[in-house]
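Chains as they are written, first to last, in the working numbering: chain W, 30 to 582; chain C, 708 to 982.
Check each hint, because a few of them may be wrong.
[Unchecked claim] SDA-like cross-link-like pairs, simulated, lysine to any residue; straight-line CA separation at most 20 Å:
| id | chain 1 | residue 1 | chain 2 | residue 2 |
| --- | --- | --- | --- | --- |
| 1 | C | Lys883 | C | Ile905 |
| 2 | C | Lys883 | C | Glu872 |
| 3 | C | Lys838 | W | Ser353 |
| 4 | C | Lys957 | C | Val902 |
| 5 | C | Lys778 | C | Gly717 |
| 6 | C | Lys883 | C | Glu907 |
| 7 | W | Lys496 | W | Pro427 |
| 8 | C | Lys957 | C | His912 |
| 9 | C | Lys822 | W | Asn333 |
| 10 | C | Lys883 | C | Ser911 |
| 11 | C | Lys822 | C | Gln832 |
| 12 | C | Lys957 | C | Ser926 |
| 13 | C | Lys883 | C | His846 |
| 14 | C | Lys957 | C | Ala939 |
| 15 | C | Lys838 | W | Arg563 |
| 16 | C | Lys778 | W | Pro427 |
| 17 | C | Lys918 | C | Gly773 |
| 18 | C | Lys778 | W | Arg431 |
| 19 | C | Lys918 | C | Glu869 |
| 20 | C | Lys918 | C | Lys883 |
| 21 | C | Lys822 | W | Ile328 |
| 22 | C | Lys778 | W | Arg566 |
| 23 | W | Lys496 | W | Phe180 |
| 24 | C | Lys822 | W | Ala342 |
| 25 | C | Lys822 | W | Val334 |
| 26 | C | Lys778 | W | Leu569 |
| 27 | C | Lys778 | W | Ser429 |
| 28 | C | Lys778 | W | Arg563 |
| 29 | W | Lys496 | W | Ser162 |
| 30 | W | Lys496 | C | Gly793 |
| 31 | C | Lys918 | C | Gly969 |
| 32 | C | Lys822 | C | Gly861 |
| 33 | C | Lys883 | C | Leu903 |
| 34 | C | Lys838 | W | Pro427 |
| 35 | C | Lys883 | C | Gly873 |
| 36 | W | Lys496 | C | Thr842 |
Read the hints as simulated data drawn from the structure, not as lab findings.
Here is how the chains run, residue by residue.
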Amino acid sequence: MARLSFSPGMRGQFAAIAQVRWQLFVNRLRNIRGRLEMVARGFMFLGFAAAGLAGSVTLGALAWLFVTRGRLPWLAILLWFVFLFWQLFPVMATAFGETADSSGLLRFPLSFPSYFLVRLVYGALEPSTFLGSFWLLGFAVGIGIADSRYFLWAAIVLLAFAIFNILLARMIFAWVERWLAQRRSREILGAVFFVFIICFQFIGPLMSRVGRHSHPEMSRITTLALPYERAFPPGLAAEAISRAIQGAFAPALAAFALECVYALAILWLLNVRLRAQYHGENLSEAMARSTSPKEKRAIRFGWNVSGIPGSVAAILEKEFHYLSRSGPMLFTFVMPVVILLIFRLGPQTSAKQGNFLAHAPDLAFPVGSAYALLVLTNLVYNCFGADAVGMQLFFVSPVSFREILLGKNLAHTLVLACEVIAIWIAVCFMFHPPAIDITLATVTGVGFALLLNLTAGNLLSIYTPKKIDYGAFGKQRAATITVFASLGIQAAVFGLAAITLLIARAFGSIWIATVIFLILSGLAAIGYNMVLNRADRIALDRRDAILAELCRA
Amino acid sequence: MDAPAIATQGLTRRFGDLVAVQDVNLSVAPGQFFGFLGPNGAGKSTTIKMLTGLLAASSGSIQVLGLDLAKNPVEVKRQIGVVPEGLALFGRLTGAEYLNFVGRMYGLDRETAGKRTAELLDFMQLAEQPKTLVTDYSHGMQKKLALAAAVIHGPRILFLDEPFEGVDAIASGTLKAMLQRMIARGATIFLTSHVLEIVERLCSHLAIIHKGRLVAQGSLEELRAGVEAQAAAALAGASPGESPSAPGEKLTLEEIFLRIVGGTRHADQELSWLG
Numbered sequence: 030m031a032r033l034s035f036s037p038g039m040r041g042q043f044a045a046i047a048q049v050r051w052q053l054f055v056n057r058l059r060n061i062r063g064r065l066e067m068v069a070r071g072f073m074f075l076g077f078a079a080a081g082l083a084g085s086v087t088l089g090a091l092a093w094l095f096v097t098r099g100r101l102p103w104l105a106i107l108l109w110f111v112f113l114f115w116q117l118f119p120v121m122a123t124a125f126g127e128t129a130d131s132s133g134l135l136r137f138p139l140s141f142p143s144y145f146l147v148r149l150v151y152g153a154l155e156p157s158t159f160l161g162s163f164w165l166l167g168f169a170v171g172i173g174i175a176d177s178r179y180f181l182w183a184a185i186v187l188l189a190f191a192i193f194n195i196l197l198a199r200m201i202f203a204w205v206e207r208w209l210a211q212r213r214s215r216e217i218l219g220a221v222f223f224v225f226i227i228c229f230q231f232i233g234p235l236m237s238r239v240g241r242h243s244h245p246e247m248s249r250i251t252t253l254a255l256p257y258e259r260a261f262p263p264g265l266a267a268e269a270i271s272r273a274i275q276g277a278f279a280p281a282l283a284a285f286a287l288e289c290v291y292a293l294a295i296l297w298l299l300n301v302r303l304r305a306q307y308h309g310e311n312l313s314e315a316m317a318r319s320t321s322p323k324e325k326r327a328i329r330f331g332w333n334v335s336g337i338p339g340s341v342a343a344i345l346e347k348e349f350h351y352l353s354r355s356g357p358m359l360f361t362f363v364m365p366v367v368i369l370l371i372f373r374l375g376p377q378t379s380a381k382q383g384n385f386l387a388h389a390p391d392l393a394f395p396v397g398s399a400y401a402l403l404v405l406t407n408l409v410y411n412c413f414g415a416d417a418v419g420m421q422l423f424f425v426s427p428v429s430f431r432e433i434l435l436g437k438n439l440a441h442t443l444v445l446a447c448e449v450i451a452i453w454i455a456v457c458f459m460f461h462p463p464a465i466d467i468t469l470a471t472v473t474g475v476g477f478a479l480l481l482n483l484t485a486g487n488l489l490s491i492y493t494p495k496k497i498d499y500g501a502f503g504k505q506r507a508a509t510i511t512v513f514a515s516l517g518i519q520a521a522v523f524g525l526a527a528i529t530l531l532i533a534r535a536f537g538s539i540w541i542a543t544v545i546f547l548i549l550s551g552l553a554a555i556g557y558n559m560v561l562n563r564a565d566r567i568a569l570d571r572r573d574a575i576l577a578e579l580c581r582a
Numbered sequence: 708m709d710a711p712a713i714a715t716q717g718l719t720r721r722f723g724d725l726v727a728v729q730d731v732n733l734s735v736a737p738g739q740f741f742g743f744l745g746p747n748g749a750g751k752s753t754t755i756k757m758l759t760g761l762l763a764a765s766s767g768s769i770q771v772l773g774l775d776l777a778k779n780p781v782e783v784k785r786q787i788g789v790v791p792e793g794l795a796l797f798g799r800l801t802g803a804e805y806l807n808f809v810g811r812m813y814g815l816d817r818e819t820a821g822k823r824t825a826e827l828l829d830f831m832q833l834a835e836q837p838k839t840l841v842t843d844y845s846h847g848m849q850k851k852l853a854l855a856a857a858v859i860h861g862p863r864i865l866f867l868d869e870p871f872e873g874v875d876a877i878a879s880g881t882l883k884a885m886l887q888r889m890i891a892r893g894a895t896i897f898l899t900s901h902v903l904e905i906v907e908r909l910c911s912h913l914a915i916i917h918k919g920r921l922v923a924q925g926s927l928e929e930l931r932a933g934v935e936a937q938a939a940a941a942l943a944g945a946s947p948g949e950s951p952s953a954p955g956e957k958l959t960l961e962e963i964f965l966r967i968v969g970g971t972r973h974a975d976q977e978l979s980w981l982g
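Please construct the entire structure, taking both the sequences and the accompanying hints into account.
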């Protein structure tokens, strides 16, 4: 195991790393875009701070309540919640996080303990650590208010629990990072992750289904499973605190010791992974494939799409090749149908239980379609992000940006069309076939929203591009400005859609919504065309900034 | 006489207060293998980016095959092929898909693009791994693919930014053979490289840029004669042993380059703290 001691040389290295991180931060503020990004991040920080404060107060209040009311076993529920959040949030919120790559430090004469510590600190600086720590602090304070004698003990136990969480999150990321280092394993892992996420979505509906009926076998399983919960760190931490409050100090100490053993085991696993990285590991992706001479000589023609120029067809084909090789992105396209299935499996009886589609199945098609459009915005608002250095080709080739954007927009429109058809079929099976007036109103509404999003997306793709890798897990973050602009556009779209539907409702005919959406689509089409006509000029004016962002290493 | 393949007038590019390229007047005749040299940060890549439309000029004009690049960008781009610094590859396509894509972007029909793709992959010895994505290619393979993409539409001018950097001897031989074949067929090649031996062997004409300004332009012989004349004038009256080159020996391109940009080899200098 790594033994950490700080020689003057190590301190100098840490200072240098801290200084370079600070310089990177300051240098990002040099241009307007960097400053705007910082403002956007400031808002995000405020959001996290609010969540941290609210969570801390809530957990503190609940801990106080459970201790004063003698419901000590319930403390475990709170710690399980913190644990799950701490481990799952970094994975699920990759859009907000920016992972600092510390592997480049290996070329410097860093000792292993230094490298280990840097990796640990680099990774720990993320919202889940701050939120989790803050919540645990609130939890400890809650216990302290309930009974001040146990504040110190609770703080020690929760500190160990926090360290365990930090180490576990780092350990998971270090191993996942190793698998992500190779494209193929990265894509497999991405697929597995999204299957996991999809399965995770079904837990709620299935539990609520089970909960509506009496299932003695489920109660038996729960009773049997409960003691095992205490064998895991969240349960152990809760056990250490509650036993101490009950005056049973030996079991409390034992639970705490076991919690520490878990932390040490995780530390060892992290050590194994980081030591392999430190000593250099061969993650070559070079492949030796035997290819038949026939396959070698085969001539492959591009797609033949009649009615559109060859260059637009080429872009369309390229976009579909990219999408078909982007595992994580493909799985997001499955989500709208999955969401409908989740609603379908959810409780069907009471509106209070939140399943509004059970009471308004007519809304299933519009809701599913709107969700599909939301998923697509990820692509639309940063449509050059995945092209990276390939962007240079667009500037040196004799093709206008109008054509390039048309090709990309066409690809995105086809994806959405396929999704809307899939959703329509799914709604037919899961609920009932949507009425013709609702179908038409939805299609025209989605058409209007798509045109508006494509218009804004084309502009933002040129103004705030961000290099991304759709195939790599956690590398799909659009520029923060784009994220906020996208939210604004969605709010406008949904606002207009709501007003339209209210007007239609006031007149008692959904057909009016179709007409209004058609008019809005016409207006949006004019705006779309105007942006397309100016795309070349804007792209050429901004080519320095675009290429600087997309061609960076 | 034919119009120059490439001609610039007062070409200037500023980045804020920094003048990266200043008042450059270049002239490259059709059919020339033209080497564009300069020390690091001299303005080579900035110039080539402006010539290929990747970067806007702050002032000055660029004529390519008699066409003004600013007024006829699409027509100019149709006539040129480019291997830029970052290679402009799409990592998540296979080599064949990428070449097909580029061919069609340059206006080839799908049959022609498909046939040329197969020929180029074969010529560049990239046909062995038809299903491998470009991102999984080695650096040398990516360079060869980028060059294949730059020539798929049969350009009249080829711009190459450091084409031999990071390429092994075998791949380098393939690239050189192909470039010489293009020159033999009347194409013009504009190349930047730090490998002066390769430039000396391949290029018929040269230009040297230093601190953003064009400091020399002409054939290798003209540059050599200029340097020798300048040195002779400077050494007039000095002892014969201080002539720019030993009697009967020609100055190499490296020596010419160092004399023009005023660099020294620093061979006699030493760092007090380094061994």
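Verification of the hints:
no. : hint                   : in the structure
1   : C:Lys883 with C:Ile905 : 9 Å, holds
2   : C:Lys883 with C:Glu872 : 13 Å, holds
3   : C:Lys838 with W:Ser353 : 14 Å, holds
4   : C:Lys957 with C:Val902 : 19 Å, holds
5   : C:Lys778 with C:Gly717 : 17 Å, holds
6   : C:Lys883 with C:Glu907 : 13 Å, holds
7   : W:Lys496 with W:Pro427 : 23 Å, violated
8   : C:Lys957 with C:His912 : 17 Å, holds
9   : C:Lys822 with W:Asn333 : 15 Å, holds
10  : C:Lys883 with C:Ser911 : 14 Å, holds
11  : C:Lys822 with C:Gln832 : 15 Å, holds
12  : C:Lys957 with C:Ser926 : 14 Å, holds
13  : C:Lys883 with C:His846 : 17 Å, holds
14  : C:Lys957 with C:Ala939 : 14 Å, holds
15  : C:Lys838 with W:Arg563 : 38 Å, violated
16  : C:Lys778 with W:Pro427 : 13 Å, holds
17  : C:Lys918 with C:Gly773 : 28 Å, violated
18  : C:Lys778 with W:Arg431 : 18 Å, holds
19  : C:Lys918 with C:Glu869 : 19 Å, holds
20  : C:Lys918 with C:Lys883 : 29 Å, violated
21  : C:Lys822 with W:Ile328 : 6 Å, holds
22  : C:Lys778 with W:Arg566 : 13 Å, holds
23  : W:Lys496 with W:Phe180 : 48 Å, violated
24  : C:Lys822 with W:Ala342 : 18 Å, holds
25  : C:Lys822 with W:Val334 : 19 Å, holds
26  : C:Lys778 with W:Leu569 : 13 Å, holds
27  : C:Lys778 with W:Ser429 : 14 Å, holds
28  : C:Lys778 with W:Arg563 : 16 Å, holds
29  : W:Lys496 with W:Ser162 : 32 Å, violated
30  : W:Lys496 with C:Gly793 : 14 Å, holds
31  : C:Lys918 with C:Gly969 : 11 Å, holds
32  : C:Lys822 with C:Gly861 : 13 Å, holds
33  : C:Lys883 with C:Leu903 : 14 Å, holds
34  : C:Lys838 with W:Pro427 : 28 Å, violated
35  : C:Lys883 with C:Gly873 : 14 Å, holds
36  : W:Lys496 with C:Thr842 : 15 Å, holds
The structure fails hints 7, 15, 17, 20, 23, 29, 34 (numbered hints given earlier, in ascending order).
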